[in-house]
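Trainee: Chain by chain, the residues run as shown.
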Amino acid sequence: MNFDLTEEQEMLRKMAKDFLANECPKKLVREMEVDEKGHPPELWRKMAELGWTGLPFPEKFGGGGGSFLDLSVLLEEMGRACLPGPFFSTVVLGGLTILDLGSEEQKKSLLPQIAQGKLLLTLALTEPSGSYGASSIECRARADGDNFVLEGTKLFVTDAGVADYIICVARTADSARPEEGLSLFLVDAHSPGLSCLPLETMAGDKQYEVAFKGVRVPRGNLLGELNKGWAGVKRILSRSAAAKSVEMVGGAQQVLEMTVQYAKDRVQFGRPIGSFQAIQHYCANMAIDVDGCRFVAYKAAWALSEGMPATMEVSAAKAWVGEAYRRLTALSHQIHGAIGFTKDHDLYLYYARAKTGETIFGDGDFHREMVAQGLGL
Amino acid sequence: MNFDLTEEQEMLRKMAKDFLANECPKKLVREMEVDEKGHPPELWRKMAELGWTGLPFPEKFGGGGGSFLDLSVLLEEMGRACLPGPFFSTVVLGGLTILDLGSEEQKKSLLPQIAQGKLLLTLALTEPSGSYGASSIECRARADGDNFVLEGTKLFVTDAGVADYIICVARTADSARPEEGLSLFLVDAHSPGLSCLPLETMAGDKQYEVAFKGVRVPRGNLLGELNKGWAGVKRILSRSAAAKSVEMVGGAQQVLEMTVQYAKDRVQFGRPIGSFQAIQHYCANMAIDVDGCRFVAYKAAWALSEGMPATMEVSAAKAWVGEAYRRLTALSHQIHGAIGFTKDHDLYLYYARAKTGETIFGDGDFHREMVAQGLGL
Amino acid sequence: MDFAFTPEQEAFRAEVRRFLEGEIKLGSFAPGCDAWIIGHSPEFSRKIAAKGWIGLVWPKEYGGQGKTYIDRLVLTEELLRYGAPVASHWFSDRQMGTAILAYGTPEQKAELLPRIIRAEIFFGIGMSEPGAGSDLASLQCRAQEQDDCYVLNGQKVWTSGAHAFTHLYLVARTDPDAPKHKGISELIVPMDLPGITINPIVDLTGHKHFNEVFFDNVRLPKKYLVGQKNRGWYQIASQLDFERSGIERLMSNYALFQSLFEYARQTRRDGRPLSQDPIIRHRLAQLAIEFEVGRLLIYRVACVLSQGKAPNFEAALAKTFCTHFEQKLACEATQILGHYGTLLASSRRVPFSGYATSSYLFSPGYTIQGGTSEILKNIVALRGLGLPSE
Amino acid sequence: MDFAFTPEQEAFRAEVRRFLEGEIKLGSFAPGCDAWIIGHSPEFSRKIAAKGWIGLVWPKEYGGQGKTYIDRLVLTEELLRYGAPVASHWFSDRQMGTAILAYGTPEQKAELLPRIIRAEIFFGIGMSEPGAGSDLASLQCRAQEQDDCYVLNGQKVWTSGAHAFTHLYLVARTDPDAPKHKGISELIVPMDLPGITINPIVDLTGHKHFNEVFFDNVRLPKKYLVGQKNRGWYQIASQLDFERSGIERLMSNYALFQSLFEYARQTRRDGRPLSQDPIIRHRLAQLAIEFEVGRLLIYRVACVLSQGKAPNFEAALAKTFCTHFEQKLACEATQILGHYGTLLASSRRVPFSGYATSSYLFSPGYTIQGGTSEILKNIVALRGLGLPSE
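Keeping their order, the protein sequence lines are chains A, B, C and D. Numbered per our numbering, the first sequence spans residues 24 to 400. Numbered per our numbering, the second sequence spans residues 24 to 400. Numbered per our numbering, the third sequence spans residues 192 to 581. Numbered per our numbering, the fourth sequence spans residues 192 to 581.
Accuracy of the hints is not assured; some may be wrong.
Which residues of chain C face chain D? A partial, calculated answer using Cβ under 7 angstroms [as the list claims (entries may be wrong)]:
id	residue
1	469
2	470
3	473
Derived coverage of chain C by chain A (criterion: at least 3 residues anywhere in the stretch with Cβ under 8 angstroms from a Cβ of chain A; other residues may be distant) [stated by the list, open to error]:
id	segment
4	394–403
5	512–525
Just so you know, the hints here were simulated from the structure itself, not pulled from any lab data. Ideal Cβ placement from N, Cα and C applies to all residues, glycine included.
Work out the full structure, taking the sequences as your base and the hints as a guide.
Mentor: Structure below.
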């Protein structure tokens, strides 16, 4: 039982924090919200040079051999900095999925490129129903000689506009059980018949509607076993929910710090507002939530890092952190008063991300149901 | 649109408040919690003399010709005083049910006796499932000559130990729809085969398990139409939920007043605790809840008083007031600190009644479902 | 007690509805959220004026209708229900006219009230400053007597719709040496005076209706002082109660409220309508219940007003509850919409005009503007419950 | 980071469980709620002592085991999970022994610690007074030096289990003329001294474990002063952190928590198990999640302690969260039980020993005793976040 990071992780955190404070100021974050690509390639290159894009891959694939927990430390700082760009998509949704499901050949060919920052990826899972159950997958892939042919529409596909490959979850066989007959494909984002239309979101992240119209994918781009993809998708969701949770912890930590600072600085009625008991208690509530979020999120990341099943840990984390982070940004708004009520204020960035983070990879209701199932209810 | 009571109602309220302050001190309330009967007959006699036991019945049945709203004013003050005894059971559950469903003959024979304080009644509805749906009624009554014969067990029957008559809801015919085939019977509480076993509750109200074993009830004691009882039961539930809501408003009002007084009186850190912002905001939250409860409960009572269907109003009231009253007593405990944490303190009485009130006649979940249905969801 | 409206009031409600539905059909507006704050349309306000619906409760001698505050409640409830663009005249109708009636000179009343009623002039509110938010009495904006003028210097901030108003109702410091509550006055400032600069502030939704307003040696004729010099702090209290007590504190997002229920009935997810999901049903029912409670708290204030009494802590109490409801509505709506609840109004695939997202982004302000919930709870505790101050 | 226990710790846990299950089989106790507060059994405490489980973290020279606070966490978690009657030695083990270790004389350590460890003496806490609750420093109980004694006069209140303890750890005023924080001392009071009267207080559940304790010229030999005279206020702070940081703040009602889930799985209502009711599933899952969050907050404090550091605001933070959870558990449990949730433990038809009702009646105290949530949030804000005091 040890709640501290290792010395190496502390160094990584400090390095990441300093790097992002310099290279990813809020000005850049705002610019990228209206940038078509959503990230500056120069920053991406630097992150690749630092080894971040390969951090969680084994050294034999050109990675840093880091653990999921190491990656989590990085993600927390990215959440604190509101880092724009396809890191999460490429590394968590893309790279870790290939590492998990890919053949030795696929790993060899793709992971080093990801590590070098040369390849961007994303995942196309969600469909118009907007839910995360197996039955929501209606996108179909039928075998046709050496290819599969994809038909369907995916929504809320982050960074699809810049991705080189899109991992697409599609139905390859009909079955009474919706969990059966699903497969994952590594789709070249420039395939004929594939089109991306941007969605506009409050957090300014780059989400897309991706339409597959007769998109041909070579058999060799099947990721994992045919028709047995759902178990892999569940692992993707688990990793992603945990990763998003630690990312949100970074945001929550930053919101707490900026709010406490504001409460110390802002004077009304001749005294800092942080000397009023109502404000003190709000801040205390925020501190309680930040600590709770941190521990529950890191426990999930740790469990995954240790190769445990971690379903319960992840769902507890995502359900709790999503709602607590949102609650916390709302409290921060109340403490900031009017000054926080402009797009120019950093709080906006966190407030919007908290809402997005609450939803993506399953909201509180979704994960409470997972927990209920885990408890045998 | 008028949120004020009439002058007559204000007089009734004042009279009731003064009377109960004198005749029903908390010492009596506590004594009655451990008294087998649960009320002092002398007090009952006085209330009858004041016309309370007949208040909502037409004058031709010996009543006071008051409205349901008039009755509500009385109930609010009874809630404030934590009045023990079978007023609610006799007048709301018993008398108003007879007034609603009874034949002219039944009304003539029973209502004047109730008004004179000579007859105590109650309702036996709930069964071991503890829920309020029609399908929960498994108690059966089969016709046998001039009688019906009752078999079954009712639970949480308030004041069954002192009641002269128990209105029992039973299944008289099988049907695919559980709402069909139910009937109400006016059962002499001293019938052979009827037995009452006391339950012990936190509010010290007198609840019983009532067993019917071959209890014979004359056909003439059928209340309302055979097999079509459910509509009447729904009206009983509606009246009772509204009545319980206004009763809880009285309790909530009293808790607010005593808490504010304590916050003014109790000194810590050299100043009244009510001068601390945290305590001020707790008190403000309580005041908001008391007003909200008052209006939503009285709107329901008013709607019933006006003969409107009022399903939505009643369910909104019961869902809201039940939870708000409980929330409010918990806040009051927090403000009172340790001093409230003894049975000798009046707060205990309200804290326990708030929980009981939240449950009886349907809790928040139950009434939210009613509201959802009413909204066509 | 009587929770019903009179037949006359119901008839009036029907008239308002007919009018608004007619206007929607004519395309004169599309229902929206927060239209009382951001929906500036002098043209539409003139139509409202033509119906006699500005200054409904004001005396007939100034062109008002002399109706009750319950009538006004009926009117405002319908304007909000339909999300009509009433921002231009809203503040004038809600509190400025009333303040002029209470404290204005006969000349001011005669000059200004009929023009407000005819929708010729529109008032905004100039209260907050960078250093004076909850602590309004610490305001620094100066109004210095000079000859026949007050010379204005300083800054206001969070001034809703400043660009769209013809007049600003300003609180400024007229005696810098007096204790802070005793040197404040109320002034009416025509916005076309030289020396006024307006800088828009972009709010979270991307709208620019909040503003900074700068005064640089603005010369304001003395006749624009309202009430007594240096007594502004004491005059303003009742105005704040009007600001806080309206049903716009509950129904800013009525379009969202209504659309959400409709959406839940019609949208299928996981094989059934959303409204059949027990958790969502439960959430929606609770919203409906809280809406009803909030409405009653607001109706109560209207009843107090209609009896000719001043609301006091009741307005603070109602606003606290209702703005909390509005935030909860936005939060629940975005959650029920899931991924769709993160799409901006301008996005493809956005459901019901993006009301949910807009509301989520706009709602943090509800518990801040017009008195923070903390200040309001202080008022309930101190004024309403008589608790001792620190 | 490592959220797992070591194999040795897991083995220890298994040993504790085996022992407790064995005791239950022997009928030495029945699991209950709040057993660490109300479950006084000197006999059972002696069994615990025989296992070496009192003073687990204390130095071996006094008879302790020199184990870590993580080991102690494992032990206390299991004692609470099984609802074992550990009240007699709980306070001694949690904070009194530690206070004596920190501030006691060598003689006190040598005399008292081994006896605590052997369960020969049991300590209660004498802090609160009628006029000194949250404002503990205003306490009035006097300890006046006279010859070789302190003469005690005054009253304590809310003294848990006073009748069942052999000793009271008392905070009393030794200098009435000093500023209030600077005239307080810590004393150990054998309960068999003449002049001590105990009056039980009946709590909401009907139990009598709270007490008033009166001191009437009680002559206490000076050797019972702990630490420095008049420095008690400063000595007590770390003790309070121990008081607040234990997993008993989360698991007082573990018997209820566990029974509730079992009940929901096994009880049918409206044609299905309660656990299949989506609203109830949702409530139960949320309880499980909050329990997990609370547990981690408590584990963190144990980690801090195990590194030899003093917990500070972390204990206040954990207690605030966890006691809130306990109240929520009681509230949700009674609601899920419906009518059955109003039945007392003594009633016919009561489900699972009336844990829910007892807990509902006992839980208001959780956010008050050992530091109210308001005081604790002040600590988090001031000490933890560095916000300015008023």
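Trainee: Does each hint fit the structure? Answer for all of them.
Mentor: Verification of the hints:
Checking residue 469 of chain C against chain D by beta carbon gives a least distance of about 4 angstroms; that is within 7 angstroms, so the hint holds. A least Cβ separation of about 6 angstroms between residue 470 of chain C and chain D falls short of the 7 angstroms threshold, and the interface hint therefore holds. Given hint, residue 473 of chain C at the interface with chain D, holds; its Cβ is 6 angstroms from that chain's nearest Cβ, closer than 7 angstroms. Coverage of the segment 394–403 of chain C by chain A holds [criterion: at least 3 residues with CB-CB distance below 8 angstroms; count 4].
For the segment 512–525 of chain C, the stated coverage by chain A holds: 3 residues have a C-beta nearer than 8 angstroms to a C-beta of that chain, and at least 3 were required.
When held up to the earlier numbered hints, the structure conflicts with none and fits them all.
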